[in-house]
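Undergrad: Chains as they are written, first to last, in full-length UniProt numbering: chain A, 1 to 336; chain B, 1 to 306; chain C, 1 to 296; chain D, 1 to 284.
A hint or two may mislead.
What the hints assert, rightly or not - Simulated restraints, written as ranges between beta carbons of each label pair:
no., chain 1, residue 1, chain 2, residue 2, range
1, B, L5, A, S123, 39 to 45 Å
2, D, L119, B, K122, 42 to 48 Å
3, A, A84, B, P229, 27 to 33 Å
4, A, P144, C, N243, 29 to 35 Å
5, D, G140, B, G83, 25 to 31 Å
6, C, E238, A, P144, 35 to 41 Å
7, D, P195, C, P85, 18 to 24 Å
8, B, D197, D, W33, 43 to 49 Å
9, A, N283, D, M117, 44 to 50 Å
10, B, K122, A, A84, 16 to 22 Å
11, D, P62, B, L99, 39 to 45 Å
12, C, S242, B, P229, 55 to 61 Å
13, B, L110, A, G276, 55 to 61 Å
Rather than coming from a laboratory, the hints here were simulated on the basis of the structure. Since we're looking at a predicted model, the values are computed, not measured. By construction, the Cβ of each residue, glycine as well, lies at the ideal position given by its N, Cα and C atoms.
In case you want the letters, here they are:
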Amino acid sequence: MAPPLLEIRNLTVAFDTPAGRVHAVNDLSYTLNEGETLGVVGESGSGKSVHVLAMLGLLPSPPAKILSGEVLFQGRDLLKLPEAQLRELRGGQIGMVFQDPMSSLNPVLTVGRQLREVIERHSDLRGAKAEARATELLDLVGIPNPGARLKQYPHEFSGGMRQRVMIAIGLSCNPKLLIADEATTALDVTVQAQILDLVRDLKDRLGTTVIWITHDMGVVAELADTIQVMYGGRIMERGPVRAVFRQPHSAYTWGLLRSLPDEGARAQRRLYQIPGAPPDMANPPAGDPFAPRNPYATDRCRTEVPPLRPASPVPGHMVAAWYDLPARLAAEAAHG
Amino acid sequence: MAGYLVRRLLESALAVWGVVTIVFFVTRVLGDPAALLLPIGASAEQIEALRDNLGLNQPLFVQYLQFLGQVVQGDFGTSFQHGRPALEVVMERMPATALLAGSAMVLGILIGAVAGAIAALKRGSLAELVVMAIALLGQATPVFWLGIMLILYFGVNLGWLPTGGYGTFAHLVLPAITLAVFVSASIARLLRSSMLDILREDYIRTARAKGLMPHTVFVWHIARNALIPVTTMTAILAGELLGGSVVTETVFSWPGVGRLILQAIQAKDFPVIQAGVFVVASLFVLINFVVDLLYGVLDPRIRAER
Amino acid sequence: MAEPLLEVRNLIRTYGGNRSLLGGARPVLHAVNDISFHVAAGETLGLVGESGSGKSTAGRVTLQLEPADGGSVRFAGQEITGLSPRQLKPVRRQMQMIFQDPYAALNPRMRVGSFVAEPLVVHGEDAHKDRIADLFRIVGLDPAFMTRYPHEFSGGQRQRICIARAIALKPSFIVADEPITALDVSIQAQIVNLFQDLQDQLGLAYLFIAHDLSMVRYLCQRVAVMLRGRIVETASVEQIFSNPQHPYTRSLLDAIPVPDPDRPRRKRLAFDVASNIPPREAVMAEIAPGHFVLQP
Amino acid sequence: MRQFFSELSRSKAGLAGFILLVLFVALAVLAPWLGLEDPTRGSLRARMTAPTWDGFWPGAHPLGTDEVGRDILSRIVHGSRTTLAVAGAAVVAGGIVGTFLGILAGYAGGLTDRILMRLVDIQLAIPLMMLALLVVAALGPSIQNVIMVLALTSWIRYARIIRGQVLSLREREFVQSARAIGASGWRIMLRHILPNVMTPALVVATLELARIIVMDAALSFLGLGVQPPNPSWGRMLADGRVYISTAWWSVTFPGLAIMLTVLGVNLFGDWLRDYFDPKTRSAR
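Kindly produce the complete structure, drawing on both the sequences and the hints.
TA: Take a look at the structure:
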């Protein structure tokens, strides 16, 4: 089997704040194979965005600090790479798309310029050839009349069109890996649907490996091969999308899925709700970060961090839990 | 855009009209010019006759309208002290003021821009500390005192440069440096803080995520955007320099409009005061107008709004 | 049939247009363009549309937070457009608003207890601590929090504070403008349930504004879909979900990401909002009892 | 309050500025009880004495004497009373008027806003120093007039910045919510807007205090400030300038006093701005 494209080992990232050191990512490890699409789900403070920014050297330091870990991309440790070599990878081998297409483009430069500068940086294309490539890219992401659009400024584009531009920038140098950080969160639902269609189509055509960070379980179900649920800077559960959605083994995954409105569920008036609030990362709970909100938590959950262990016979399905969720649910069902 | 230009021109005209009005009414409170024009001991009848002659006995509003009519024709009356048209006296002094303010501005912006950029990019370094300490001191030092101190050291003690006056390049050095210190301190501090703000923007993260070379990020993403607040500051500083010319020109015995206005105030020479303030204010309005147009060039979002 | 609690007819709200000489002229934008809807007592109407559809403006004009440029809003049998602030004050007791961003919705310089008490103070009612404490308990907050400032609360708690303030005067109608959009996913269900509980306890009617249809099916009895300032379809929730008529409603339904990896994925029909402005002469037609669709 | 001082003690620059400010205010307040010489009376025997530390306190002149034999240290200390009183009063007066008009323009909008902002534009067209000169020359350089003129150059800065803040506050949802409960315009301005513009107003006040101290000194320097026999720093500079080649101390120390005061205000003001700015706060 081919070596993984990306392998993260024991990554720990912290922020130094006046209130003390806040651990945003705790001992994170996972691998990503070529051609795979990984959906990372989590809410604010889960470490889902921080970990990708950290591995690309995009976190401002201070206050951010990478305390430990390795990030192997095609066998090279990104965290040990000199900035100059990391720069070659960013925008070249690894493309990124950020959440807010409003603020992620420089307002005073034309869209064409912002596309061309990344093309010229990572390829030999110059002048008219770079221009042609930029036109081709806008066309690829479905922007009509690309030649004229290149001469326009970001504020002349709608939110959805701007995000298409960001995707074009991310894809401009045929990256091996595309990372999208909440790329559709700020968009309207119909525009989000179009962008998801576009990305699905592009990754099929170009064979790009994708990390798609979102808080929406629905988006992951539509797009990803593998889902990774994060909470409090740790992985709660991870595995093939089908397996995890069919039988979640983490109470957090289970709660997220249950709290979504179901089709034809009008009869029951109340939604399932996860009690409590996300953890205060400055004072994280001991043990499993989700334990204080978890009705199935055991005493061990409250004191000891559970390791990621195989959850089900499905290969790659892992969970971090001291409790056995399916057994507990089955017992509950049996008791009525 | 054309609509915007017309509107902006109208606004400028309105501002100049406001200035003329303020100057007219303020100077009318200053005292009785007729008493000043005549030798001491002139009789009440003589003063009254001159007041009549100067139109000072007419209702204030009529005087104001007459004044406006004259201003439109560029006629501010004859200087009491110089016996020549006031506007002519003022315009003669204009080149000296423009030379001093202009050279101080250029020098100050150059030094301030370099220093501010270094401070922003080398955060936490000794260079930042030194630049910021000097800038803080520069901003806290009153310009006229700095001028006196430089005169004391370079003029009196070392005797390298003239202590005042006008004419050669050597005369320009001290006053220009004095003002440039003030300008560069403001620019450096502003540039540093706006660059630090820009560094936190999402599009800088995008630029870095694109793997751009540091100098590309600096020139096209940081500096290009920092130009906008610096342009605003330039206009404000121009106003400070023009207003402050009264003081600096006095310190350095520099024969510019500022010193002329001060002398005119002391002598209650209304036509010169009015013409002087009018010219300086109009120049300032013009500078603001140009800066406003410059925004349109620098910021496409503003261009779109117009 | 009895008159509904709220009856909005042919409401119009425009922005821009001619200003004074030095203000410059801007094109007129019809944010809300001739819309009509009604809400019965104790009912929830969902108003769904994307950014720029005019749904939030519609909510604000309904509450007379912005003046209407045409049309009528009748509340409890009384015409409320064109009323002076003084005439409106008694009406305001009956209708309240809850906003999207719970971070911007609280005055950062006011203790949350005073913030919740403010409506009572403004209307000259008893604002005793016990009464405020009751309100805190109703929305699931510890009354001990009363003396704290907003920055000490999480997003979900802030939204609860806003809800406590909105129900302080025991209104009969609340406009909720995307009240859960800005919240963490694990908190959204808590707030939705709170809305349901309050409706059951207090007999509230809601105008629930949302940008997609996913939560609407849970909370609302009827739905109105807005596109570019117009309502293009109104129907019961069941009708909207089982028999959507307008292409825009269909694309909205289609766009909800379904948390089911087994559902076959097909490319959606793209509905281009920009090129599908409802024509001015279009009118609503009733295609089934209570189901109205904008006909081109 | 405790948090304020613990944050302040963490910033060297802010603390230095605060200490400088407190020092000058203390000197100004305590001036009559410091056992200094009469600042208005000189002795011809002691004319233009260079700084001397012999037999310090009283009798010697640690900062020298001026051309009529008055003790410069005493004049600087007593001058700080005038400076701080004039600048303080001008900042407060300009601040109150400017904040009020800024809130009014921003909240009322429409015609009120247009008229007020046009007025600001017109006044801004005249460089402030020239406006101050003109008005002082017309009204005469009494303390009240100087304060008034300085406040006149100051209100526009508050008004502009506060108006901008109010324009964005007005759209904030808690203000909308206050309208939704039927709160009156005055209540909204007083209870919801004013408390939220106090911090920007305070930050403007420190910037203005520094600017006004310098402008006040410049007016005195030109002979249009507070009149003798009241000692003032700018006047001391103007008088000493004549003797620049023989008595360097008579121009050096008054200027140094201005610089240190302004430096203190600026340092403290910078820190205050960071302290109140949520953006830099979260970054710290």
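Undergrad: For every hint, state whether the structure bears it out.
TA: Hints and how they fare:
1. B:L5 <-> A:S123: 39 to 45 Å: This hint holds: roughly 43 Å between Cβ atoms.
2. D:L119 <-> B:K122: 42 to 48 Å: 44 Å Cβ-Cβ, so the 42 to 48 Å window holds.
3. A:A84 <-> B:P229: 27 to 33 Å: holds, 31 Å
4. A:P144 <-> C:N243: 29 to 35 Å: holds, 33 Å
5. D:G140 <-> B:G83: 25 to 31 Å: holds, 28 Å
6. C:E238 <-> A:P144: 35 to 41 Å: holds, 38 Å
7. D:P195 <-> C:P85: 18 to 24 Å: For P195 (chain D) and P85 (chain C) the Cβ distance comes to about 22 Å; the hint holds.
8. B:D197 <-> D:W33: 43 to 49 Å: holds, 47 Å
9. A:N283 <-> D:M117: 44 to 50 Å: Taking Cβ atoms as reference, N283 (chain A) and M117 (chain D) lie about 48 Å apart, which means the hint holds.
10. B:K122 <-> A:A84: 16 to 22 Å: Roughly 19 Å apart at Cβ, these two residues keep to the hinted range, so it holds.
11. D:P62 <-> B:L99: 39 to 45 Å: Since the Cβ atoms of P62 (chain D) and L99 (chain B) sit about 42 Å apart, the hinted range of 39 to 45 Å holds.
12. C:S242 <-> B:P229: 55 to 61 Å: holds, 56 Å
13. B:L110 <-> A:G276: 55 to 61 Å: At roughly 58 Å between Cβ atoms, G276 (chain A) and L110 (chain B) fall inside 55 to 61 Å, so the hint holds.
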